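Asks: Sequence:
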Amino acid sequence: MKKIIIITSLLFTALACTEKGPSMEGKWKVLSSHYKATYEVTEENDSIKAKALYYNDGTTILRASDGKDYYLFKKPIINKATSETTNHKAPKKNIGLDLVHKDTLKVTTYIMHSPLTETWVRTK
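Just so we're aligned, residue 8 is where the sequence shown starts under my numbering, counting upward by one.
FYI, nobody ran anything at the bench for these hints, they're computed from the structure. Note that this is a predicted model, so its numbers are computed, not measured.
Per label pair, the in silico range of CB-to-CB distance:
no. : residue 1 : residue 2 : range
1   : Asp110    : Asn63     : 21 to 27 Å
2   : Tyr61     : Lys109    : 20 to 26 Å
3   : Gly74     : Asp105    : 28 to 34 Å
Quick list of in silico lysine-lysine cross-link-like pairs, DSSO-like style, CA-CA up to 30 Å:
no. : residue 1 : residue 2
4   : Lys56     : Lys43
5   : Lys58     : Lys109
6   : Lys131    : Lys113
7   : Lys34     : Lys131
8   : Lys82     : Lys34
9   : Lys43     : Lys109
10  : Lys131    : Lys82
11  : Lys56     : Lys36
12  : Lys113    : Lys75
13  : Lys43     : Lys58
14  : Lys56     : Lys113
15  : Lys81     : Lys58
16  : Lys131    : Lys58
17  : Lys113    : Lys43
18  : Lys56     : Lys75
19  : Lys81     : Lys109
20  : Lys58     : Lys34
21  : Lys34     : Lys109
22  : Lys82     : Lys113
23  : Lys34     : Lys81
24  : Lys109    : Lys82
25  : Lys131    : Lys81
26  : Lys36     : Lys58
27  : Lys58     : Lys75
28  : Lys81     : Lys36
29  : Lys75     : Lys131
30  : Lys81     : Lys43
31  : Lys75     : Lys43
32  : Lys131    : Lys109
33  : Lys109    : Lys36
34  : Lys34     : Lys113
35  : Lys56     : Lys109
Ideal Cβ positions, reconstructed from N, Cα and C, are used throughout, including at glycine.
Whenever a hint applies, use it, and build me the whole structure from the sequences.
Replies: Structural data, given as structure tokens:
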């Protein structure tokens, strides 16, 4: 009986340690009325990168087929939770990621210390 309890508790511990939440990896399309963009988000070595696959704001067009790599960010600050009552200034070049749903990502960038929040949706 003792062995069963020990084995069961070890099994639950192993499963709890290996379980991860939804991944941010994949292709994401930006929902914006100002520009069109698609990014590929990858996670490697505790770093998250968003590489531009396509970007067009009416004046600048970037494509992955150009032979150059364009990154929006390489290691952002990931928001685990958002508090409306917390008022703090973000450091320069701070980027926040909040996985709202497995297919919806809220990306916050800062322009002149003012937050700009965008919604990205996962593409298949």
